[in-house]
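Visitor: Top to bottom, those sequences are chains A and B.
Residues in the first sequence are numbered consecutively from 0, following numbering that gives the first Met the number 0.
Residues in the second sequence are numbered consecutively from 0, following numbering that gives the first Met the number 0.
Simulated from the structure, these hints should not be mistaken for laboratory data.
One or more hints might be untrue.
As the list claims (entries may be wrong) - Calculated cross-link-like contacts (lysine-lysine; reagent style BS3-like; alpha-carbon spacing at most 30 Å):
id: 1; chain 1: A; residue 1: Lys88; chain 2: B; residue 2: Lys197
id: 2; chain 1: A; residue 1: Lys513; chain 2: B; residue 2: Lys197
id: 3; chain 1: B; residue 1: Lys195; chain 2: A; residue 2: Lys498
id: 4; chain 1: A; residue 1: Lys552; chain 2: B; residue 2: Lys403
id: 5; chain 1: B; residue 1: Lys403; chain 2: A; residue 2: Lys551
id: 6; chain 1: B; residue 1: Lys400; chain 2: A; residue 2: Lys552
id: 7; chain 1: A; residue 1: Lys481; chain 2: A; residue 2: Lys498
id: 8; chain 1: B; residue 1: Lys197; chain 2: A; residue 2: Lys552
id: 9; chain 1: B; residue 1: Lys403; chain 2: A; residue 2: Lys513
id: 10; chain 1: A; residue 1: Lys289; chain 2: B; residue 2: Lys160
id: 11; chain 1: B; residue 1: Lys195; chain 2: B; residue 2: Lys52
id: 12; chain 1: B; residue 1: Lys195; chain 2: A; residue 2: Lys551
id: 13; chain 1: A; residue 1: Lys513; chain 2: A; residue 2: Lys552
id: 14; chain 1: A; residue 1: Lys6; chain 2: A; residue 2: Lys419
id: 15; chain 1: A; residue 1: Lys552; chain 2: B; residue 2: Lys195
id: 16; chain 1: A; residue 1: Lys419; chain 2: A; residue 2: Lys189
id: 17; chain 1: B; residue 1: Lys103; chain 2: B; residue 2: Lys197
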Amino acid sequence: MVYNAGKYDVIVIGAGHAGCEAGIAAARMGAKTLMLTLNLDMIAFMPCNPSLGGPAKGIVVREIDALGGVMAKVIDKTYIQMRMLNTGKGPAVQALRAQADKPLYIREMKNILENEENITLRQGMVDELIIEDGVCKGVLTETKSAYYADTVIVTTGTFMRGKVLMGDLEYESGPNNQRVSIKLSEDLEKHGFELTRFKTGTPPRVNSHTIDYSKTEIQPGDEKPQGFSYETTEFILDQIPCWLTYTNETTHQVINDNLTLSAMYSGMKRGTGPRYCPSIEDKIVRFHDKPRHQVFLEPEGRETEEVYVQGLSTSLPESIQYDIVRSVPGLENAEIMRPGYAIEYDAVIPTQLWPTLESKAVSGLFTAGQINGTSGYEEAAAQGIMAGINAACKVFGKEPVILDRSQAYIGVLIDDLVTKGTKEPYRLLTSRAEYRLLLRHDNADIRLTELGHSLGLIREERYAKFVEKNRLIEQEKQRLKKITIKPNATIQEQMAEAKSTALKDAIKAYDLLKRPEITYATIEKMIGAEETLPTEVKEQVEIQVKYEGYIKKANEQVDRMLKMEDKKIPDNIDYDAISGIATEAKEKLKQVRPLSVGQASRIAGVNPADISILLIYIEHGKIAKVAN
Amino acid sequence: METDTITAISTPVGEGAIAIVRLSGPDAIRIANELFQGKDLEAVESHTIHYGKVMDPETNEIADEVMLSVMRAPKTFTREDIVEINCHGGMVAVNRVLDIILGKGARIAEPGEFTKRAFLNGRIDLSQAEAVMDLIRAKTDKAMSVALKQMDGRLSGLIQKYRQSLLETVAHVEVNIDYPEYDDVEEMSHEMMREKTKAVHAEIEELLSVAKQGKILREGLATAIIGRPNVGKSSLLNTLVQENKAIVTDIPGTTRDIIEEYVNVRGVPLRLVDTAGIRETEDIVEKIGVERSRQALMESDLVLFVLNYNDALTKEDLALFEVVRGLEFIVIINKTDLEQQLDLEQVKQLAGDHPVISTSLIQEEGIDELEAAIAGTFFSGDLDVGDMTYVSNVRHIQLLKQAKQALEDAMEALELGMPLDIVQIDVTRTWEFLGEIIGDTASDGLINQLFSQFCLGK
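Modelling step: build the complete structure from the supplied sequences, incorporating the hints.
Guide: What follows is the structure, encoded as structure tokens:
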């Protein structure tokens with residue numbers, strides 16, 4: 000018997016990394032939010048690697064934090080190791096990466112959800128969406144409870160028609176042997192959603208006591224760990240190292256000898272896997288002349304002995320996995336605790352979504368996370384927070400929030416998904432961003448705090464601090480513009496110390512800071528320190544001054560891009576009625592239904608002439624309206 | 000609405016005694032004023048025309064004497080400020096003027112862009128919208144097909160080679176960024192980057208310099224007609240001139256005192272150089288001995304070597320064969336209407352791989368074959384300068400220059416010791432500019448390269 004189980008503003012299906020951010024954002028914006036998950040003990044579970052962040056992804060975590068999300072705070076409270084990557088490179092590509100404590104992460108996140116005023120957290124399996132006249136009204140669970148809501152966010156990850164593969168063993172399952180979601184997938188198809196089949200994989204976990212670490216290289220965390228969240232002030236200093244070892248000829252021989260036993264190489268037609276996260280089989284086949292591959296041993300937490308064997312992702316039979324693992328130095332006696340496996344699952348083709356992550360076909364229905372064809376916890380969380388924000392905006396009749404490609408990696412991610420789609424599980428890379436220099440790790444707060452605050456996701460106290468930080472940055476920049484440094488003996492000595500060429504004439508401190516080898520610290524020595532100035536302000540001043548020319552150039556490009564983003568395409572446009580647009584372009588435009596000419600120009604198969612014609616057609620419409 | 004200033008030659012190339020270069024946009028008048036020697040154009044009334052000179056900022060010489068009209072917004076075709084510069088017809092002057100304008104910050108107009116702006120600025124009647132769209136489509140398609148035709152496989156091959164080299168470099172930097180722990184490749188160093196950028200920079204510079212800024216299209220293929228007196232050199236010249244619209248340009252203010260004749264043979268523009276001697280009947284062999292003429296011949300891209308069918312080969316003929324050795328030449332056996340005295344086998348032997356064409360210019364025979372041979376030499380890429388002269392499309396040249404500039408920005412950043420991920424921004428831009436030349440603007444190239452070049456996991 001179906002019973003009415005209540006009415007909410009927002010329902011979130013799933014409580015993984017996307018679901019948690021979606022639920023919290025919606026709730027904190029004031030929406031009465033129901034979160035349904037298959038298993039309350041698996042909230043924000045990390046089914047694959049025990050780490051968060053890294054290039055591009057780490058910046059996303061900071062962006063989520065600047066918008067008022069929770070991922071950054073949870074990892075800051077629970078990490079076992081923190082490293083800043085690319086410290087030898089420019090500021091645009093530096094990024095944090097944390098090794099996570101998986102069980103602790105779950106506990107911390109669950110705790111936040113449980114204590115969030117507007118969230119109702121419940122265990123349950125959603126079988127169907129309640130859709131009437133193209134509008135999503137709620138969900139129906141397997142226990143026949145009907146929950147009603149104005150908006151529904153589906154964040155089911157890899158659970159939809161999930162299938163675990165290992166050698167010739169295959170069974171329907173979510174990751175880590177959790178219950179699989181079958182009916183929801185069928186229901187989406189019934190409502191006209193086009194699904195695709197992706198796959199990903201995970202390596203075996205071994206018991207730490209059975210590893211001989213003396214044969215491996217230590218990979219410690221930073222001496223002075225930093226935090227993802229702009230609000231984190233306390234850092235965990237007691238860190239746990241990772242370890243590095245390598246595959247060898249024996250490993251490769253084992254794999255080559257048994258390749259046909261791999262689920263992925265058995266000749267069966269399978270879902271598309273990601274190139275950036277290849278199985279060890281893939282690596283051996285595609286790069287057969289490489290004598291060895293890196294294997295990182297990453298602890299899964301403080302209170303567990305399980306160690307993740309990064310680099311040995313495989314779908315070979317368990318017995319072969321033993322041979323592979325034990326061929327690696329340090330793992331000769333390793334005991335596998337969980338074998339690796341590949342998992343296939345249904346994903347929604349993301350071009351069926353608006354840039355708000357709302358479905359074009361069904362009003363009020365949003366999808367976010369791995370279901371949209373991405374991979375990675377950070378990519379999922381990023382979509383989650385945006386879906387949560389937009390679902391709440393819809394509930395409250397507010398304007399939707401769409402980040403553009405110059406504002407955030409999150410904007411790049413979502414724009415790529417809904418405009419270009421993806422043929423393999425999508426991962427963010429720094430090279431996907433055109434304006435990488437603007438999308439830095441250090442300035443995520445400057446880019447997004449204002450927005451987070453306007454949405455009600457950033458508390459006043461934090462916002463006030465942010466405003467003050469900006470004021471100090473500006474003030475210090477002005478100060479440096481006014482101070483002249485004269486080339487006396489002490490200064491020239493300091494210049495030599497900084498390995499810079501001697502000054503010929505007097506120079507403004509501001510201009511001297513532009514030299515790549517001159518740091519803010521050097522300038523400070525020359526002109527005296529501003530004692531009260533916080534480190535992050537100094538850091539900002541240094542970056543903003545030093546890369547001013549490049550930042551300006553990037554901003555000019557952004558202005559040009561935004562001009563095209565501002566040219567909106569009316570929703571009721573009839574592409575068939577526009578003569579001159581090439582047939583292929585018409586089909587693409589009809590499918591993607593871009594909101595702006597800018598978005599249209601990024602669709603593969605739409606060329607500049609089509610865009611010119613589209614522009615004229617739109618302007619034509621405007622002029623016609625004015626004339627009328 | 001649009002913020003940049005566009006320019007183009009708005010009269011058909013190679014036709015008419017006057018060619019017009021048009022500028023439209025907010026900087027049109029400023030740009031024109033910078034290159035114009037005459038009245039202060041910022042101060043003149045709208046819709047007035049002025050006499051003056053266009054100065055070449057590089058040489059400080061006069062590029063052309065012009066009549067220049069200033070039309071201020073909004074009462075103009077595009078409703079933007081427009082300047083029209085009436086140059087002398089022919090390719091040299093007008094292209095030089097266009098080049099100078101581009102150097103001042105205008106950009107080459109896209110096909111139909113003046114009309115598009117006219118429309119977008121509300122100048123054109125609504126009912127014409129459809130027509131404008133058709134026009135853009137047609138012009139774009141045509142421009143694309145022309146551009147493709149102009150682009151020899153070799154040029155696109157070269158561009159692809161440079162792009163691949165840049166792409167591998169960029170991918171290398173990217174892999175260091177996105178996979179900092181990946182140890183299969185050594186960290187890209189400033190030194191490695193310097194080498195890579197230098198190499199490609201040299202190649203692009205070479206391309207631009209040998210192209211001599213689209214030498215062929217702009218200046219024509221330097222062509223000399225040689226042969227003994229009375230073999231039909233003048234007839235050949237007149238035939239080429241009559242068959243093809245000739246533009247006789249007397250470039251004022253230049254130091255050149257010779258009159259150059261331009262003809263367009265099947266799309267290949269020929270500049271018949273040092274033709275002064277052709278009409279004279281002096282002993283050409285003796286003339287060749289004169290250093291200056293010899294020099295002119297050596298500098299020509301193509302030699303049309305005329306023999307008389309009615310005469311046996313003479314010492315002079317043999318001497319001329321010696322002179323053209325190593326040059327690109329076509330042997331023309333003229334006067335086939337008369338009795339054969341020439342040993343054809345011997346001529347063919349002497350000509351080697353070079354085409355031998357029989358004509359009777361008086362009876363207008365063999366002219367098609369001759370024209371085909373001229374065009375053939377050009378398009379087959381046999382010409383010595385032909386390697387590079389395919390970069391004749393103004394847009395291609397502009398893009399090459401932009402690519403070069405971007406690369407120079409990268410090299411400057413390298414010298415300054417900027418981090419490689421910053422340097423890489425300009426290297427990527429170079430790659431994109433080069434991509435525009437061959438019409439490859441797909442942005443997933445880098446990511447594909449990344450995953451095919453490196454075995455990435457973490």
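Visitor: Determine which of the earlier numbered hints do not hold for this structure and return their numbers in increasing order.
Guide: 11 and 14
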